[in-house]
Amino acid sequence: MDLALSGEQEALRDTVARFFSKVASAERVRAAEPLGFDAAVWRGLADMGVPTMAADGGATLADVSVVAREAGAHLAPVPIVEAAVTNRLLTRCAHAVDDTTVRTLALRPATGGRAALVPGGAVAAEVVVLGGGDLLLVRPGPTGERRAPANLGSAPLADIDITAGRRSLLTPADGSAVDEHARALDEWRALTASWLVGLGRAALDLGVSYVKDRRQFGVPIGSFQAVQHRLADLATALDGAALLADKAVWTLDTDAPGAATFPAMAFSYCGEAAQRAAAASLHLHGGYGFMEEYDIQLHFRRAKAARLVLADPCRELVGLADRLFGPVETSTGAGR
Amino acid sequence: MDFSLPPEVEAFRAEVRAFLAEHVTDEVIERAHATGTMHDWGLHRQMAAEGWLSAGWPAEFGGQGRSPLEMNALTEEMYLSGAPVDGLGVASLVAHTLLIDGTDWQKRTVIPRILSGEVMCCLGYSEPDAGSDVAACATRAVRDGDEWVINGQKMFTTLAHEAHYVFLLTRTNPDVAKHEGLTMFLVPMDTPGIEITPVHTMGGERTNITFYTDVRVDDRHRVGEVDGGWKVMMTALVFERNSAWYGECVRLLDTAVAWATSARDADGRRLIDDPLVRERLARAAVGNEVANLLGWRAAWMAAEGQLPGVEGTMAKLFTTEHYQQAADDLIDILGPEGLRRHGEPGAAADGWVEATYRHCQVTTIYGGTSEVCRGIIAERGLGLPRSRSSR
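Chains Y and U, in that order, give the protein sequences. So the first sequence is numbered by the numbering used here: it starts at 49 and just counts up by one. So the second sequence is numbered by the numbering used here: it starts at 1240 and just counts up by one.
Hints are supplied without guarantee of correctness; some may be wrong.
[As the list claims (entries may be wrong)] Simulated restraints, written as ranges between beta carbons of each label pair:
(1) U:Thr1348 with Y:Gly374: 50 to 60 Å
(2) U:Glu1610 with Y:Lys260: 17 to 27 Å
(3) U:Ala1288 with Y:Ala359: 23 to 33 Å
(4) U:Asp1343 with Y:Gly374: 54 to 64 Å
Hints listed in this document are in silico derivations from the structure and should not be mistaken for laboratory results. Using N, Cα and C, we set each Cβ at its ideal position, and we do this for glycine too.
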């Protein structure tokens, strides 16, 4: 048992944290809205080799998780989790990858020739889509084939018409297209969980520093138990969330028992913890928290959006139940 | 990072599990439940004989030198087995505190008898007007030559009716700040002047009120300095905050899953196939893993030589709050059948969910209420300003 980052991971964390502080400041995050993409941030990560670092076995998902957590903490306007997961999936399909190309995957199978609300889809050159039981690599053309709707999280989501534009069939080295997509999706769940922990902790930090400074009734509002206890619960939940995300990533890296359940558990719990932290922190800012000018609203909107882009959170829990307790029996039992 | 346990911890866990599987019979569990006394002398002495009361101590003090990871595995297995181990926990806590703050005489004569399972202790901290504010203790100890004369009353002296010693917090100086006038004693329960009145709880556990009238004890029963009782308390409290209840949470979920898998609705469908049931079972399972990880994180920090004060408090707070939420959700999925109490013929899940629903309410109270825990996390963990007067 070792719950600390390795020396190399600490160095990676410090490097990306410094990079995001400089290039993905709150001003830049705002400037990237509503699209939610900053090409300079992407280029910096590409120069560091982050998008493909775990594609060929050189680095682990745990290493990507270190980057994802910092990206979440800074709300970095790049689909880095999607790209890392997609590059791994493409490598398993013997498809060449590189760091500069923005790639993503549709989380849900395409229906009616359309992949809806694909994260990173508004800016990706290549999109992996599960359609009709096949894995397709779609390269949306310049016009007409994708639409990027304004959305709650100011994320580069897009609805993509997969019948137009260039596309090719991907063939996984082993395992079916559906299984490979499911594996990529679990990696996405675990890494997004880590991203959400970064966001949640940053939101909590904003709230904690605000209540230390803000004075009402002659004292800092952080001295009121009603305020303290809410923040203490969230600090506890986020510590638990961080451990759960770390364990989910570890189970995937090592194919440990729990690899089938922990990514879904982490995604569910980390999303809830991050969303609660952002909501409480916003609330504790009082009326200021509701103002666009204050940063906490950036966290608040993205926390919900990152959870909901996959599915109704309750349905995620029901899906987790399938993995924990076995599938639903469709035939009725001996009682009939 | 590595979430796997070292082989020696897994080996020790397997040893403990095999022992408990043999000795924690349904009869032991049922007897504890029926009497409300979460202590079983037979099991207690068998576990003492295994050396598990001092398993975490260095060999020079007669311990097994078990690491904090091995100790967490021991606690986890004890709770997973459903063993009535309240007495073991208190005995171990008192012995450990004596090892740090006790006199040579106490270490020589009392510790070996505790560790062998011959004698047991109970805790005399709480009073009618001193709960979370335990330093408000009013039970008086007045010096009389080589003796002390004790008068007062303690609440929730659980296991007093089985114990040989009470670890008693008293006030020896009423004229100084409240934390500075306290003294700890280890008082033999057969000393004249101690009376025990049973208190029966909603959870089915028996606890007690203990009354102390002109109780005379020799000074050698004092633990720590005169007026130095608060420091002794602080030593002892460190041993109380962890995620021990994780094992109970797992038993609760296992019970509910087993019930939902066998029970059928009016249309003959398994209850576990109902999405409303599945969602709550899954939610409980997620919380169990969080509780488990917070507990292991604190144990791992201790193994690394750090003091997990805030982290252990987080484990206690989260685990007990989650336990109550899970019990609430899981009794609900039983529907009206969840109302039948344990022991009633045909009770859903043998009434264990109903019993757990009552029992778990105490876990956010004892060993530091959730509010005390949140205060510690807010002040020591988040650095928020102190919220209350210390007078």
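Hint check results:
In this structure, U:Thr1348 and Y:Gly374 meet the distance hint of 50 to 60 Å, their C-beta atoms being roughly 57 Å apart. Checked against the given bound of 17 to 27 Å, the beta carbons of U:Glu1610 and Y:Lys260, roughly 21 Å apart, stay inside it. Roughly 54 Å separates the CB atoms of U:Ala1288 and Y:Ala359, a value that falls outside the hinted 23 to 33 Å. In this structure, U:Asp1343 and Y:Gly374 meet the distance hint of 54 to 64 Å, their C-beta atoms being roughly 60 Å apart.
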